[in-house]
Amino acid sequence: DTGVSQNPRHKITKRGQNVTFRCDPISEHNRLYWYRQTLGQGPEFLTYFQNEAQLEKSRLLSDRFSAERPKGSFSTLEIQRTEQGDSAMYLCASSQDRLGGEQYFGPGTRLTVT
Amino acid sequence: GEDVEQSLFLSVREGDSSVINCTYTDSSSTYLYWYKQEPGAGLQLLTYIFSNMDMKQDQRLTVLLNKKDKHLSLRIADTQTGDSAIYFCAEWESNSGYALNFGKGTSLLVTP
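Chains as they are written, first to last, in this note's numbering: chain A, 31 to 144; chain B, 305 to 416.
With the rest of the complex left out, here is chain B (with noise of 0.2 Å):
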């Protein structure tokens, strides 16, 4: 099947804002969801939108969706060292109605 497309890396200063982007394949797709996962460890669930939105606000997490150009993006305020992590980018695909499509992950680095 098609990819769910990110980039693969991003550095950013510590206090700055970091922005993930993501192009996603389905167009049907209902939920969109972004994933953080630290070394080691298994994904958790930062946030998700829902098709019929264009933007979701949750705490210091912006997520963007573009339904035209199938573009997701997550933007963190106020980027800390706790924030270092692989993020990724998920679609729900809408032909299988519960499996998750994910993207190769976003490998954030945050600096002092």
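Just chain A, with the same shape it has in the complex (with noise of 0.2 Å):
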């Protein structure tokens, strides 16, 4: 399966922890996205790479939030402290280097903050 994978699927965490999940991209996928969705809404933008480029990082919640992309292939996500308001869905995309490419995702990592 050549999908978008993301790990851990889930993730407890007591409140004041750090986090880092993961996402492996579609291999010949050069974009990579980072939503946030939580209970009752759509997902919601949070960071976006070209390649190991982060082009965009304003519109991460909080300094707390860092995403990195070392070799433009996997990325990782870090919420540090994490609070209760953290907890959500944490979806990855990937698409192809082109306007408009269609942004698959992967099956997301569910955070709990106790």
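If you're looking for bench data, these hints aren't it; they were derived computationally from the structure. Don't take each hint at face value.
To be verified - One side only, chain A facing chain B, incomplete, derived with CB under 10 Å:
no., residue
1, 38
2, 42
3, 44
4, 47
5, 49
6, 57
7, 80
8, 83
9, 132
10, 137
11, 142
Said to hold, decoys possible - The list that follows gives simulated cross-link-like pairs (lysine to aspartate or glutamate, EDC-like), each with its CA atoms no further than 20 Å apart:
no., chain 1, residue 1, chain 2, residue 2
12, B, 372, B, 330
13, A, 87, B, 397
14, B, 374, B, 330
15, B, 340, A, 132
16, B, 408, A, 74
17, B, 371, B, 307
18, B, 360, A, 132
19, B, 340, A, 74
20, B, 340, B, 362
21, B, 374, B, 397
22, B, 408, B, 397
23, B, 372, B, 397
24, A, 41, A, 113
25, B, 340, B, 309
26, B, 360, B, 342
Glycine included, each C-beta is placed from N, C-alpha and C at the ideal position.
Combine the two chains into a complex, taking the hints into account.
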């Protein structure tokens, strides 16, 4: 299967802890996106990479959120000092390197902060 | 920013057609998408339409686009119980050139 994969699928953490999620995009896709989805809402855009370059990070929710894609392949999203309001589904998507390239989503990582 | 609007809930009988409506906000959006999400899962891309098209058909799916009213619809013919899911409309943000702006989703329930 060559779809987008995300790990872990579920993460439960205590408030104040740091968490890191991983996304492996479709292999030939240069573009990678992170979204957050809360209950009853559609996904909300967070950040975007073209190869290893993070071209948009102003929409990360706070300075506790950071993302990397060091070699232009997999990406990680880290949340430091988690808060209960961070509980959500974190979705990764990837697309080909062209305008309007269809974004294919992974299964998501569900974060619960207790 | 402005919201992409969708009705929240739709119930149809198996075998009937379903029509899910969406009003988008970005008049310059070149691409509009429909995604399907089953419980606990990620989003599955169903279909998309370019803004220079009025209609696109893909097997049981028909997308209609009215650019003047910024209205998008998804028709599912011969709806099956396996079509029960949440359907999201999304517009490609013309000002960013990469982000998708999603509606809140329409929950479709198909009853036997």
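Checked hints:
1. 38: Because about 14 Å separates residue 38 of chain A from the closest Cβ in chain B, which is outside the 10 Å limit, the hint is violated.
2. 42: With Cβ-Cβ at 15 Å, over 10 Å, it is violated.
3. 44: 23 Å, violated
4. 47: 23 Å, violated
5. 49: 19 Å, violated
6. 57: 18 Å, violated
7. 80: It holds, given that the least Cβ distance between residue 80 of chain A and chain B is near 8 Å, below 10 Å.
8. 83: Residue 83 of chain A check fails; min Cβ-Cβ to chain B is 12 Å, beyond 10 Å.
9. 132: 6 Å, holds
10. 137: 4 Å, holds
11. 142: It is violated, given that the least Cβ distance between residue 142 of chain A and chain B is near 13 Å, above 10 Å.
12. B/372 with B/330: 12 Å, holds
13. A/87 with B/397: OK: residue 87 of chain A and residue 397 of chain B at ~16 Å, within 20 Å.
14. B/374 with B/330: 8 Å, holds
15. B/340 with A/132: Within the cut-off at roughly 14 Å; holds.
16. B/408 with A/74: 10 Å, holds
17. B/371 with B/307: Holds, at roughly 17 Å.
18. B/360 with A/132: Holds, because 16 Å separates the two Cα atoms, which is no more than 20 Å.
19. B/340 with A/74: 16 Å, holds
20. B/340 with B/362: 15 Å, holds
21. B/374 with B/397: The given pair, whose Cα atoms are some 14 Å apart, holds under the 20 Å limit.
22. B/408 with B/397: Holds, at about 16 Å.
23. B/372 with B/397: Distance of about 18 Å is within 20 Å: holds.
24. A/41 with A/113: 14 Å, holds
25. B/340 with B/309: It holds: about 16 Å lies between the C-alpha atoms, which stays within 20 Å.
26. B/360 with B/342: Not satisfied, since the Cα-Cα distance of roughly 23 Å exceeds 20 Å.
Hints 1, 2, 3, 4, 5, 6, 8, 11, 26 from the list above are not met by this structure, while the remaining hints are.
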